[in-house]
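Participant: So you can see what is in the structure, the chains are spelled out below.
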Amino acid sequence: MSLLQVRDLKVSYGGINAVKGINLEIHKGELVALIGANGAGKSTTLRALAGLEHPSGGTIHYQGHSTAHQATYQLVKRGLVMVPEGRGIFGRLTVEENLHMGAYCHDDTSQIASDMRQVYARFPRLQERSHQAGGTLSGGEQQMLAIGRALMSRPQLLLLDEPSMGLAPLIVQKIFETIRDIAAEGVTILLVEQNAKLALENSHRGYVLESGLITLQDDAKALLRNEKVRHAYLGE
Amino acid sequence: MDIFLQQIINGLVLGSIYALVALGYTMVYGILGLINFAHGEIVMIGAMISLAAIQAMTGFALPGPVIVLMGLLIAIPACMLLGYGIERIAYRPLRHAPRLAPLITAIGVSIVLQNIAMIIWGRQYIAFPPLLPEDTYTIAGASITLLQIFIFFLATVIMAGLIFLVQKTRLGRTIRATAQNPEVAGLMGVNVNNVISSTFIIGSALAAMAGLMVSAYYGLAHYYMGFLLGLKAFSAAVLGGIGNLGGAMLGGLLLGVIESLGAGYIGPLTGGVLGSHYQDVFAFFVLILVLIFRPSGLLGERVSERP
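Protein chains in written order, with the working numbering: chain A, 1 to 236; chain B, 237 to 543.
If we strip away everything but chain B, and leave its shape as in the complex, we get (with noise of 0.2 Å):
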């Protein structure tokens, strides 16, 4: 019972973070109908730039927890003028292109950033400095860390607030509109450009958040970390339906839990043949069997427009 309880935990803190950057991928979607497969690269540079800044700041005589944060403050408007200038660079010209063409181009931005990444920073893992309180809390035979606690906490926080900003504020609005039909959005006056450049830096900027969460959380950062785990939150984007913000998040969280506990029964279940470290496999068996059974995902399309 309490393996269950810990993978559960776990599935949820980590499930969070997927949520946070399966909405930069739904939110892209829903808008251009393009996977922006960059997408993860900006949760990498994100880490990178947080860690960056972090190293850089420990000299100060600083409490840990602010130097975190003030990371995470540089790292947050970097990212969104990042993903600012690569939709303006290397989508935007292909607005009217083929579908395959920015689909591909979203490949070559993926590469050319890690590349990037990969001369600035090096090949080697970064590790993330021991600033963060390491207390944890036993509860039912499981443990949990303050830093899990906190990671799912700003999160569920900042999922909430993006909620609030879609459902409830003009610019939501707005951009539910121009995902819905462009074209008209023009004709109430909305600058459609623009909707989509906020749509990028919305998402870019949970990606930044996204990306200091899990270098915290496992300690580390690497150049090509973006990689694995961008697959696994657009398979989380899928799995809740694409285009949808309800289904990113809970894609996000089942994704998380199935995995947590996928990696904790796995090595009991097959008798020791296969260990936890095939967990990354269950995203995309996840993946596999969606495309097959519910292609729309779980909360894909209600409502449908009368002609």
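Bound conformation, chain A alone (with noise of 0.2 Å):
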């Protein structure tokens, strides 16, 4: 059953048609990858995807349902939850205090110190630094931070807006390495990226955005050794 149906998307701001009417499905379970060139309209589908922006045509169907007149709030109550570009760490809040308003929608106290219990055996780093302002962590503990505020919040489809972004490469490696574990675990991701290889050695399927449309998609395996994906994402 698909967890994620989006038909003919179109997503336009400032007179400029960012997202020109895209296909996409995804499955309960799948690691998907969305790959593009900068500007291609990746983040744009998936802001809209999370009800930060307003689809201008289309629909979005999350488990079955129209995402049309849904705010973000009401969809991450739902289990779509999306880690966005550049983190979104409260800098002024604690580790802790991050991680906790990722349980926002929850009140189960003891389900949520266990989920807290379980971030913290993942990431060993935010623990120590438990009581830290968010915005005095490196790139990398932010974004294992937001991927662990992401989980507090029970995510049954994750949002990746590029975790990769702006990180050195043994870090980016243990990002993925967790990206793939959360998946093993069943949550369902779909995942933007500029580094291509990257995101599709890690994924199941891949989709190509190219100036707001998508011009492939297929297996991830397939799609690195695709002639055009290899020449203009792999610089091979």
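FYI, nobody ran anything at the bench for these hints, they're computed from the structure. Be careful, since some hints might not be right.
Computed spacing ranges between beta-carbons, pair by pair [what the hints assert, rightly or not]:
(1) B/R331 - A/Q118: 58 to 66 Å
(2) B/R406 - A/P124: 22 to 30 Å
(3) A/E128 - B/E370: 53 to 61 Å
(4) B/D238 - A/Q127: 55 to 63 Å
(5) B/P299 - A/Q132: 48 to 56 Å
(6) A/P124 - B/A333: 42 to 50 Å
(7) A/S130 - B/P301: 41 to 49 Å
(8) B/R530 - A/A37: 39 to 47 Å
Note that beta-carbon positions come from the ideal geometry of N, C-alpha and C, so glycine has one too.
Two chains, two frames, a set of hints: combine them into the complex.
Facilitator: Right under this line is the structure:
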């Protein structure tokens, strides 16, 4: 069954048509990559899915229901969780307060405490820094915090916007290991990345977005072998 | 020496009222980036409603302080409703408009509220009935009234309560997060509109208390009283660093003390050319100095966010 179904989605702002009618389908348990060049409309697509941009056309169905007229906060309650570009850490809240914000939609104290223990087990660095302000963390730690905070929301569909952005290669590897682990635990993930190779190597399926249109879609392995993708996105 | 101590005492009492009002400005600014120029009028409405309630109750054989307390308990929810309504009706439709539009609207709301108050309660000064004990104590040559002690004590307790609310509770954490990044707060499942409403409601409750305090302190209320008080409290918020709660408290107290010392010493220092009625000049003189030399205020912006 498809968890997310996007039909002919169009998004425009400030007179620019950033997304010009795309179809996407994501099934439960998949890890899907949406790749493309800078300005292709990847982030705009993700923001529209999370309810941060209003589509100018088309439909989005999440868990079988249209998301039109649903505010972002209502979608979060239904398990559609996004880690925004640039990570969106609350810089003046402590690490622990940031994690508590992730659990905003939940009020079962003991389950929240157990979720937090799991996040700390996954990212021991966060536990060491739990009382530090989020703004004092390094870029990699902030990305860990952003992912940990999203997990506190108990996502069913996790949208990740450029998780590798601005991070050292070693840390990027770690972040992607974590993403694979989370997917293996049953969370469906849609990943937007400029680093196409890394994204496709870690995903089941991929879509290629070019100037607001989807030009290719296939299994991730097939895309990695695709002549056009190799030329345009993998620099080979 | 005794005049110095006397002015410090007067300044702290007045400053604690400024601080309560400044908190309302700074909370709304922190979350919306809007200077709610109607906030001073909420203070005035708080004073007017509590006075009207007090006058209506003076016929009953109740102890004075009980009547005053009941007036306050009526004014607080009325002002909370007013603050909520102002945001809902006047500011929310302009949420995505250029910044100038809500600012002008705020001034408009302020004028509307003044005129409504004038129509209901008239143009004349309304006297605060003598319901409170007028005990006076003398400390080191300076006198302090029971009312002054009570105002300062109550304001301090309220501010401590607000700090607890903002720093230690779930609502406070949500307010802080929303002030830092409303979009990301939405991604956590926060209904940002509700958080914005709650800051207006909390600020208005503080304004209602300040309104009663200031009218009890000066013994009067007037439909125009919110204008100058609001501007001074705004100056206090800027002095402390607008958007910063501790700053609003510090700024309020400092401004009260500066104003009282200024009023106390301006006569002797200028050989009687300028009198204590120049008191109001000091707040704005301080505002100008702050804007020139430290625009972010005394406690403005500490931790910066990494990209």
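Participant: It remains to establish, for every hint, whether it holds in the given structure.
Facilitator: Hints and how they fare:
1. B/R331 - A/Q118: 58 to 66 Å: Violated, at about 37 Å.
2. B/R406 - A/P124: 22 to 30 Å: Hint holds: Cβ distance 26 Å, inside 22 to 30 Å.
3. A/E128 - B/E370: 53 to 61 Å: For B/E370 against A/E128, whose Cβ atoms are near 59 Å apart, the range 53 to 61 Å holds.
4. B/D238 - A/Q127: 55 to 63 Å: holds (57 Å)
5. B/P299 - A/Q132: 48 to 56 Å: holds (52 Å)
6. A/P124 - B/A333: 42 to 50 Å: holds (47 Å)
7. A/S130 - B/P301: 41 to 49 Å: holds (47 Å)
8. B/R530 - A/A37: 39 to 47 Å: Given a distance of about 45 Å, which is inside 39 to 47 Å, the answer is holds.
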